[in-house]
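Here the protein sequences line up with chains A and B, keeping their order.
Read left to right, the first sequence gives residues 1 to 284 (the numbering used here).
Read left to right, the second sequence gives residues 1 to 317 (the numbering used here).
In short, the hints are calculated from the structure, not lab data.
Virtual Cβ for every residue (Gly too), placed ideally from N, Cα, C.
Careful: at least some of the hints might be erroneous.
Stated by the list, open to error - Derived CB-CB ranges, DEER-like:
1) B:R24 to A:N46: 38 to 44 Å
2) B:L200 to A:T20: 25 to 31 Å
3) B:L306 to A:I278: 25 to 31 Å
4) B:L200 to A:N46: 34 to 40 Å
5) A:L24 to B:V164: 49 to 55 Å
6) B:S310 to A:R271: 39 to 45 Å
7) A:I37 to B:I147: 44 to 50 Å
8) B:E276 to A:R282: 55 to 61 Å
9) A:T243 to B:T299: 34 to 40 Å
10) B:R24 to A:P56: 31 to 37 Å
11) A:R282 to B:G199: 20 to 26 Å
12) B:V164 to A:N4: 35 to 41 Å
Stated by the list, open to error - Reference listing, derived: stretches of chain B covered by chain A, where coverage requires no fewer than 3 residues with Cβ under 8 Å from a Cβ of chain A:
13) 31 to 38
14) 177 to 188
As the list claims (entries may be wrong) - To give an idea of the chain B side of the interface with chain A (calculated C-beta under 7 Å), a few residues:
15) I58
16) G111
17) G114
18) L116
19) A125
20) V130
21) T242
22) A267
23) V303
Residue-level listing of the chains:
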Amino acid sequence: MRRNLWRRFSSNFAVLAMYTLTVLALVPLGLVLWFTIAKGLPAVTNLEFFVNSQRPSGIPGSGIANAIVGSAIIVGLASIAAIPIGVLSGVYLAEYGSGRWASWVRLASDVLVGAPSIALGLFAYALVVVPQHHFSGTAASVALAILMLPVVIRTTESAVGLIPNGLRESGLALGLPRWRVSLQLILPAAAPGVITGALLAVARAAGETAPVLFTALGNQRLTFDAGHPMSTLPLVVFRDALTPYKDLQQEAWGAALVLVVMVLVINLGSRWVLRRQIALARQL
Amino acid sequence: MAVAVDSSAISVAPVVPRPPDRYRTVIAFISWAAPASLILIVAVLIQQAWPSVTRFGIGFLIGQDWNQVTNTFGALPFIFGTVVTSAIALVIALPVGIAVAVLLAEPGQQGLRGALGTGIELLAAIPSVVYGIWALYVLAPWALLHIETPITDHLAAFPFLGGVPRQTSLFTASLVLAVMILPTLAAVSRDVIRAVPRGLRESTVALGATWWETIRHVVLPAARAGIFGATILALGRALAETVAVAMVIGNRPEIPHSIFSPGYTLAAVIANEFVEATGDVYQGALVEIGLVLILVTLTVNVVALLLVNSAKARALV
Numbered sequence: 001m002r003r004n005l006w007r008r009f010s011s012n013f014a015v016l017a018m019y020t021l022t023v024l025a026l027v028p029l030g031l032v033l034w035f036t037i038a039k040g041l042p043a044v045t046n047l048e049f050f051v052n053s054q055r056p057s058g059i060p061g062s063g064i065a066n067a068i069v070g071s072a073i074i075v076g077l078a079s080i081a082a083i084p085i086g087v088l089s090g091v092y093l094a095e096y097g098s099g100r101w102a103s104w105v106r107l108a109s110d111v112l113v114g115a116p117s118i119a120l121g122l123f124a125y126a127l128v129v130v131p132q133h134h135f136s137g138t139a140a141s142v143a144l145a146i147l148m149l150p151v152v153i154r155t156t157e158s159a160v161g162l163i164p165n166g167l168r169e170s171g172l173a174l175g176l177p178r179w180r181v182s183l184q185l186i187l188p189a190a191a192p193g194v195i196t197g198a199l200l201a202v203a204r205a206a207g208e209t210a211p212v213l214f215t216a217l218g219n220q221r222l223t224f225d226a227g228h229p230m231s232t233l234p235l236v237v238f239r240d241a242l243t244p245y246k247d248l249q250q251e252a253w254g255a256a257l258v259l260v261v262m263v264l265v266i267n268l269g270s271r272w273v274l275r276r277q278i279a280l281a282r283q284l
Numbered sequence: 001m002a003v004a005v006d007s008s009a010i011s012v013a014p015v016v017p018r019p020p021d022r023y024r025t026v027i028a029f030i031s032w033a034a035p036a037s038l039i040l041i042v043a044v045l046i047q048q049a050w051p052s053v054t055r056f057g058i059g060f061l062i063g064q065d066w067n068q069v070t071n072t073f074g075a076l077p078f079i080f081g082t083v084v085t086s087a088i089a090l091v092i093a094l095p096v097g098i099a100v101a102v103l104l105a106e107p108g109q110q111g112l113r114g115a116l117g118t119g120i121e122l123l124a125a126i127p128s129v130v131y132g133i134w135a136l137y138v139l140a141p142w143a144l145l146h147i148e149t150p151i152t153d154h155l156a157a158f159p160f161l162g163g164v165p166r167q168t169s170l171f172t173a174s175l176v177l178a179v180m181i182l183p184t185l186a187a188v189s190r191d192v193i194r195a196v197p198r199g200l201r202e203s204t205v206a207l208g209a210t211w212w213e214t215i216r217h218v219v220l221p222a223a224r225a226g227i228f229g230a231t232i233l234a235l236g237r238a239l240a241e242t243v244a245v246a247m248v249i250g251n252r253p254e255i256p257h258s259i260f261s262p263g264y265t266l267a268a269v270i271a272n273e274f275v276e277a278t279g280d281v282y283q284g285a286l287v288e289i290g291l292v293l294i295l296v297t298l299t300v301n302v303v304a305l306l307l308v309n310s311a312k313a314r315a316l317v
């Protein structure tokens, strides 16, 4: 009897301990969000912050417009390269992915997800910056495209895999060729999942610092030309945070807040869409 | 009994060979992109690192000198920093990660656990540079006051725990890394624990075991290989992390006598010095560090993925 009491007590204690540890795991999330908002808010409440470009310390009216434009162009170019290739690779894995080759592609993309992002930067430096003899936004796009590729591949594969076989079979039964079934029937049905996967990849690329450090390099001026050095939001955070100047540190927190808000919106939004997608797929 | 059938009456459609599925060929070709870029990256890095590889040979990995003036480069301080920070991060993150995974893998109603799971996933979504600035201005001062100083005061007799504590140190970097690898550890372990056959759980409960006894003696042992894989996967993430570490580790290329002293990691030294690196040898040395880093993380990842995938596949049988 006493022994059973002890067993029950220890089991309840274990449940409690696990919940405590899980809450403990979320403490850093709360702290990061809290401090980013608290320290970044004074910067972003000023409209100039989004309109002006960076200025040296001590000169008022500094902003991060150059970094926002740079991030948008660099990530945009990377998306143009990575998303079509990634989606088609993902469709291949989902539709024909039982063979040996497909399992190599899967392993390669899983390994690529874990590849050090700084190494992608070195790669893009050697491939683009060295032949061009100058830093450029396009070099950063090359690095980020490789970073996005595996994310897009695997999310597309799982989104397409959710589509029931009946849809594919009915298309084939109507005499549609495979490519039309795949691209005009299956892919649109899987679109919400595919798009959220692409957005998650965009969010991840937009938050990366290491691959853009010595490809885009950074640029205090506003430029729309991806052939030149550009700044990005993470670069502003990284460089400004390490300066001893209070106003630049403030700017870094502001840029960090912009990044965090973007990442949170994309992630929470995509979770919502994905849940609906799974519910819809069950109905089909 | 008409044996002789007029064969022309039965018109058999001629067997047309299936047209080759050109669509399949095209997208199969496109799917080369991921493996090809992986191979290309390693090849380009080897080529770029060559000046350093030929000059220093194997001694590069055990050399302790990092001197731009004399052009002598050794990677040992960085290897040391990377290994130590990743190891401490794993020790901190492992118990928490497994607890989270066990909780999230429980069958049944989600509710509160669903919210906790979302939180853990958001933890993975925060950009590393944001962790970096937070660690630099919030975590590091706090850790110096409440963890590093008490430990150096009372436990200085132990190796690696003495010295003068600093805000930017191997230990601070390990703390940030622990936070950053936790989501990987938790999510992958959760999947592996979920893949433990339900019958195992149910039969244990039917024998009268409590929840904790089921987890401790049946579920966790059954998921052991997979959790080990998850741990190695998290190790790979820790080894590869760059900017958050570069911001708080102190950036000093030497092997410190205490974990509370500044150090350096492989990824951080590339991030900090590559732009300013002049000359083939210096730049080559940094690329060689990148090469070491990518080869190690790739190996670690392949091993981890094989472990995790086989753990999941076994559960399906």
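Okay, the hints, checked on the actual structure:
1. B:R24 to A:N46: 38 to 44 Å: 55 Å, violated
2. B:L200 to A:T20: 25 to 31 Å: Given range 25 to 31 Å: holds, Cβ gap about 26 Å.
3. B:L306 to A:I278: 25 to 31 Å: This hint holds: roughly 28 Å between Cβ atoms.
4. B:L200 to A:N46: 34 to 40 Å: About 59 Å separates the Cβ atoms of B:L200 and A:N46, which means 34 to 40 Å is violated.
5. A:L24 to B:V164: 49 to 55 Å: 29 Å, violated
6. B:S310 to A:R271: 39 to 45 Å: 29 Å, violated
7. A:I37 to B:I147: 44 to 50 Å: 25 Å, violated
8. B:E276 to A:R282: 55 to 61 Å: 56 Å, holds
9. A:T243 to B:T299: 34 to 40 Å: The hinted range 34 to 40 Å holds for A:T243 and B:T299, with Cβ atoms some 38 Å apart.
10. B:R24 to A:P56: 31 to 37 Å: 57 Å, violated
11. A:R282 to B:G199: 20 to 26 Å: Holds, at about 25 Å.
12. B:V164 to A:N4: 35 to 41 Å: Roughly 54 Å apart at Cβ, these two residues miss the hinted range, so it is violated.
13. 31 to 38: Since three or more residues must qualify, the claim that chain A covers the stretch 31 to 38 of chain B holds, with 7 doing so at under 8 Å.
14. 177 to 188: holds (count 3)
15. I58: 21 Å, violated
16. G111: Check failed: Cβ of B:G111 comes no nearer than 13 Å to chain A, outside 7 Å.
17. G114: 10 Å, violated
18. L116: It holds, given that the least Cβ distance between B:L116 and chain A is near 5 Å, below 7 Å.
19. A125: Holds, about 5 Å.
20. V130: 5 Å, holds
21. T242: 4 Å, holds
22. A267: Since the shortest Cβ distance to chain A is 5 Å, the answer is holds.
23. V303: The hint is violated - B:V303 has no Cβ within 7 Å of chain A, the shortest such distance being about 10 Å.
In this structure, the hints that do not hold are numbers 1, 4, 5, 6, 7, 10, 12, 15, 16, 17 and 23, in rising order.
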